[in-house]
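Using the hints, position chain B against chain A.
There are 2 protein chains.
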Amino acid sequence: MRRTSALILIGNEILSGRTRDENIQFLAKNLGELGIPLREVRVIPDVRETIIKTVTEIRAAYDEVFTTGGIGPTHDDITAPCVAEAFGVPWEIHPPTFALLEDYFRKTEFNAARQRMAKLPRGATPIRNPVSLAPGFTIGNVHVLAGVPRIMRAMFEELAPTLRPGEPVFSLTWHVTSLYEGALAEGLEAIQAQYPDLDIGSYPFHRGDGRYGVALVAKGQDRDAVTQAAAHIHDLIEKKGGTPQQGEPPP
Amino acid sequence: MRRTSALILIGNEILSGRTRDENIQFLAKNLGELGIPLREVRVIPDVRETIIKTVTEIRAAYDEVFTTGGIGPTHDDITAPCVAEAFGVPWEIHPPTFALLEDYFRKTEFNAARQRMAKLPRGATPIRNPVSLAPGFTIGNVHVLAGVPRIMRAMFEELAPTLRPGEPVFSLTWHVTSLYEGALAEGLEAIQAQYPDLDIGSYPFHRGDGRYGVALVAKGQDRDAVTQAAAHIHDLIEKKGGTPQQGEPPP
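Sequences listed follow chains A and B, in order. Residue numbers are given in full-length UniProt numbering: position 112 of the first sequence equals residue 112, and the series is strictly consecutive. Residue numbers are given in full-length UniProt numbering: position 206 of the second sequence equals residue 206, and the series is strictly consecutive.
No lab work stands behind these hints, which were simulated from the structure alone. Please note that a few of the clues may not be correct.
You can't tell identical chains apart in this list, so a pair holds if it fits in one copy or across any two.
With a straight-line Cα cutoff of 30 Å, these simulated BS3-like cross-link-like pairs (lysine-lysine) come out [to be verified]: (1) K53 to K29; (2) K107 to K240; (3) K239 to K107; (4) K240 to K119; (5) K119 to K239; (6) K119 to K53; (7) K107 to K119.
This is chain A alone, in the form it adopts within the complex (with noise of 0.2 Å):
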């Protein structure tokens, strides 16, 4: 059975250009490896009704819906009630949660903006935070992440075993340089036509010392079509005159 998964990332700084998103890519490859391959990605701002209205939406969508982003302690940290409120639950203390914060604070303060960390959406199952301690959470279908890319990865590393994995998906990749796109491209719908189960990639790429090329990609869950198709295309390169090499180009 095909699962899918979305991603929304909630944060201004990556909006203004201030962060450059790190997340997406960790969670794609991730995700594809579990055969929850990710279908959209959101970018949204720190907006209350915004936040709710897509995560309302988006996991009506799809099987698994991450968040990441706008979990900590400030005023601009409103994932979690955010998610508590597309949930119709309420958002309040956890006690484990609070008596682990508590006892990690007791060195410092307790305050009231890092006991904001301890409240979850009621039903909600934390995610442990080895970095720094202040969980995420599952509730539902949606998993709420932190947006620090270490932290992120952390969470994820915990929450990976619970999740219920797919089909795996395969793929195979040729690339060849000195030969352009428009060269390959009616073989290539040929291919496509031939596996229409598979999907048949073209992906160019010009590098800034001259280098250009394509890397073709074949991509499925029938992992003999995938590699049927993939003879095909390193034939079709050769065909054209190019010197098909396996994988994906040197950056």
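Only chain B this time, still in chain A's reference frame:
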């Protein structure tokens, strides 16, 4: 007057994790500087119905809409016909672009796949591509750019002077090391309450080498208010025992 923009990244390669996005941050920064801040980003697959639905929805919600990806010569490059369909116009040969490409590909082969790149939605204005010739285009408030970062940036430079700028946004940043957000949160909320028209943002960082801290950003269209709020941020950091440092933290 406040102007807004949105970005649609069209491409399976971002959703599969094959390619790390390099376009969001460039467009976010440049659109911010033009006073047309990015309010939403969507990453969607090369699926006809999804592209048409997303373009239709997003172009009604924002002043300017940018798309990247899916305008090459191969079967998976379906952005242009989908945008034509979203606007209810035919996708047809654009004679000046056809002449340009015919001349250019005379040396190799101006085949059917390459002729596809000479087709635009009726009424669209081409956006010059100084890198690999095949143009992007503007139709209504939708600007269709290449996905390859070098080509996208070159097209954007061509396009930028034609965009109507909005009011500029000013921003000042202080950062502090060895202090957590939780210590600053309450004071920061008070500053946000004092300047409700500004965006006061708090962005923790955790480096691999153990350095940690917070960057605090004041942003808005009223330059005096931004300056005053930044001064309060400076004083708050000192009051909490930190040493305020101007600008973003080093990587």
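Here is what the structure says about each hint:
In this assembly of identical chains, the alpha carbons of K53 and K29 lie at most 30 Å apart whether taken from the same copy (27 Å) or from different copies (26 Å). Taking the shortest Cα distances, K107 and K240 sit within 30 Å of each other only across copies (15 Å), while inside one copy they are farther apart (69 Å). Only between protomers do K239 and K107 lie at most 30 Å apart by alpha-carbon distance; the minimum there is 19 Å, versus 70 Å within a single protomer. In this assembly of identical chains, K240 and K119 lie within 30 Å of each other by CA distance solely across copies; the values are 25 Å between and 61 Å within a copy.
For the homomeric pair K119 and K239, the shortest alpha-carbon distance between copies (27 Å) is at most 30 Å, but the shortest distance inside one copy (62 Å) is not. With identical chains, the CA atoms of K119 and K53 are at most 30 Å apart within one copy only, with a shortest distance of 21 Å there and 37 Å across copies. In this assembly of identical chains, K107 and K119 lie within 30 Å of each other by CA distance solely inside one copy; the values are 21 Å within and 67 Å between copies.
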